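Colleague: Taken in order, these protein sequences are the chains called A and B. Sequential numbering of the first sequence, starting at 83, is according to our numbering. Sequential numbering of the second sequence, starting at 701, is according to our numbering.
No incorrect hints appear here.
To give a feel for the contact side, a few chain B residues facing chain A, derived at Cβ under 10 Å:
1. 716
2. 717
3. 720
4. 721
5. 731
Calculated pairs, DSSO-like style, for lysine-lysine (alpha carbon to alpha carbon, straight line, at most 27 Å):
6. B:730 - A:132
7. B:730 - A:89
8. B:921 - A:131
9. B:921 - A:143
10. B:736 - A:137
Treat the hints as calculated values from the structure; they're not laboratory data. Computed from a predicted structure; not experimentally measured. A virtual CB, placed ideally from N, CA and C, is assigned to each residue, including glycine.
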Amino acid sequence: MFNKNKKETELIAFIMDNKASFYRFAYSYVRNQEDALDIVQDSIHKALKKQHQLKDISMMKSWFYRIVATTSLDFLRKKKRWHVTDDENLEILASGLVDTYKNLDLEQAINQLPPSYKAIVILRFFEDLKLEEIASVLGENINTVKTKLYKALKILRTEMK
Amino acid sequence: MDKKLEDMKNEYLSIAVPDELEKRTLKSIKRHRTLKRISHNAIFLAASILLLITTVNISPAAASTLADIPFLNKVIKVVTIAEWKETKKNSQLNIKTPKVTGLVNEALSHALNQQYVQESKELYAKFQQETANEAGNYSLESGYIVKTDDDLIFSLGRYTTEIKASAAETIHYDTIDKQNELLITLPSLFKDESYINSISEYILNEMNQQIKAETGNYFIKNQNDPDGFEKIDSSQNFYINPNHQLVICFDEYEVAPGYMGTIEFPIPTEIIKDHLVSDLYIK
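Using the sequences provided together with the hints, build the complete structure.
Modeller: Structural data, given as structure tokens:
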């Protein structure tokens, strides 16, 4: 009982300390404020409810990012269901939802990347996660992560010449 | 390239974090604590019930005394012993406390009633606490429904609905064997633990069909959602309906998005009949 409470206390402290990072990470998937807030809230709810599944406290960071990633993907998948128009038109229609950016070049460069590549770049360079942690966030083999990271950098390099 | 990455990092870190994040985070944590408290009560109840069942089963004297009493099955009643209503500025409270009477096994009815009163008191205290220092809107409603009442079976469900920006509903069922005056638990219905898989398989299948037909949406465990539903708990919430079918229940948010509410799956007897101890309760 004691351990359980201790774990929960640690988890809550971790959430409070890192909520801005989770928000940004969710935002990088859904690209608007309301949805990103919903996803963070959902993720916290899931994490607290399923905390018994977190066996090793040192895995908390990658475990939580994984929840945010799956919740975001789930959200995007559900949203996709409602598409009645083709993707090209939808992007034009949906552009009203996306918040605007100051530096379009950089933003666009990273958003050109396929979602899993983008997540790897964000987690590795912006959130300073280790490659092993990223592998466990995305549920992928570490070698796959390395390859994708390498490819992502290559794409970025050509994009930004 | 490093310079570019550095720029991109700064760009990324400058994504504005809205003030609302703090509020939403706290809300999520608070809701979790509330739900946890409610489920702790359920665990306590289950433990006390187990003790009672053991007592009755171990003592042949008690069991035979009970068996000798005829027309016992007619007299179980549920009455509302207390109804608390309160309306504050933007908040509402409505708690109905049930009381089970007519059981000869006083220990059983006493334990149940004690538990019901205790839970109502806790809800009331919670309401006072919630509304004492917050100007927000808050509504708490608690009551009970009799799902089944026939010669053999008595199923009583108690629900709590809490509304505060979003709503959370929980419901807990107690099912009593009226003739033997026993509280029926899910494991006690079956020979061994194999019922867990049979029932879970059926429910998963149902969920998938509903998702396919777009009549429902569920959290199912898969690669992308490792936290989704996989199987029922060995003492999953349940009741027995008037057709003597087993009905498996889930609280709001437990296996499905909130808009689905509390979830019920009637289990066709066909699926579990090989695991049942007898066809006395479930036909």
